[in-house]
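Using the hints provided, position chain B relative to the given structure of chain A.
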Amino acid sequence: MPRVGDGSARGVGGASSGLPRDSIQIVFLMIVGAGRVGSSLARAMLRDGHTVSCLDEDPEAHARLEIGLEKPWEDVGGQFTVGTGLEIEALQAAGIERADAFVAATDGDNTNIVIAQIAKMRFKVPTVIARILDPYRAEWYEQQGLHTICPTRVAIEMLETEVKEAAAKVAGG
Amino acid sequence: MYVLIVGAGKVGWNLARELLDKGHEVTLIENNRDRYVTVEQELEHNVQYGDASELWVLERAGVSRADLVIAVTGDDEDNMLICQVAKEKYMVEQTIARVNNPRNKQWFELLGIAPVVSATDLILRLIEHEVPKYGLVHLLDLPRERLEIIELLLGDGSPVAGRRVADLELPEGSLLISVLRDGTGFVPSPETVLESGDEVLAVLDPGLEEELKTYFGPDGTSPD
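Protein chains in written order, with the numbering used here: chain A, 291 to 463; chain B, 27 to 250.
Bear in mind the hints are in silico, worked out from the structure with no lab data behind them. Don't take each hint at face value.
Stated by the list, open to error - Going by beta-carbon spacing under 8 Å, a handful of chain A positions derived as facing chain B:
1. Ile316
2. Asn400
3. Ile403
4. Ile408
5. Phe413
6. Asp424
Think of the CB as a built atom: it goes at the ideal place given N, C-alpha and C, for glycine as much as any other residue.
Isolated chain A, as found in the complex (with noise of 0.2 Å):
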């Protein structure tokens, strides 16, 4: 399967994902919160032919979708619908109970982990992933077997690396 998070760069609407179509298994993906993670996340996939299904409780959030498109979000093959993770009316609208992977994407970590584990246990989608930003708790839960993201992780790993490489000059220059 392609990588996704790597395509900022590339042409939108033209599939230029380096495989052959036949080759890629066309999945369902639900992504609730279409902030700059989510809606980044929903264009790249779309753009790799998966079916991506956004639900976000603002409105607004369908025009940030759009950035970069020449066409309409729906046009392109895109879903969205207004409403909250813990609506259980929104989830089923934005097609839940058919997705093959969620991610929980928006900006309260106790709204992702909480929905996470709705669409896990509640409506058992196969691969479910949520961005957490609070380090601990993301290890924590992770452990019991929720599959996370932690930007913030990254970032400290990203920072701790560059820091001791500058530091390495200094002491050896």
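For chain B alone, kept in the frame of chain A given last:
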């Protein structure tokens, strides 16, 4: 018993006060700075400032040795996760969570958080039991301005504190339907003795609110 309470709203604050009066050890955690400062004037070292969603805040409050964790913030996700973490990470025996939006009750159940206290549920159940002559459906069908339910907090100086429900002279057209005390609600019997710190729910004809408030005492403010 060591009790950790999260959320120093009216419910949390009164709970803390009552439990301290009963001789328990209590820590109350509040994440709103202004509210914390207000509550701290009374409860002093029994209240801590911080977001109890963060593990270190719970740990600083000694969550692992708590016999009971009560999550009564105004945010259902917070209440759910605080109880989940308390139970599953810190092995706290007993938790109680407040449900603000009754539609979220199913998620508390899904995560195995029990028991939960939902004011709305409580009121609806009480109406069914206590006002059979109206009937629940009929009552809810009434136009909003025809009937109201209000919540009153009995202040320290409330003239009804210490009195039996049977001895109350409530205004005609009003009925006491529940008492919330220490995080649990119950249907008052005629023998129930009201206490300051109680939150009482009353169903009443419109226009009686002021009369009822006066009757329950100058310190009884509506806990919104």
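To see whether the hints hold, each was checked on the structure:
no.	hint	in the structure
1	Ile316	30 Å, violated
2	Asn400	4 Å, holds
3	Ile403	6 Å, holds
4	Ile408	6 Å, holds
5	Phe413	10 Å, violated
6	Asp424	6 Å, holds
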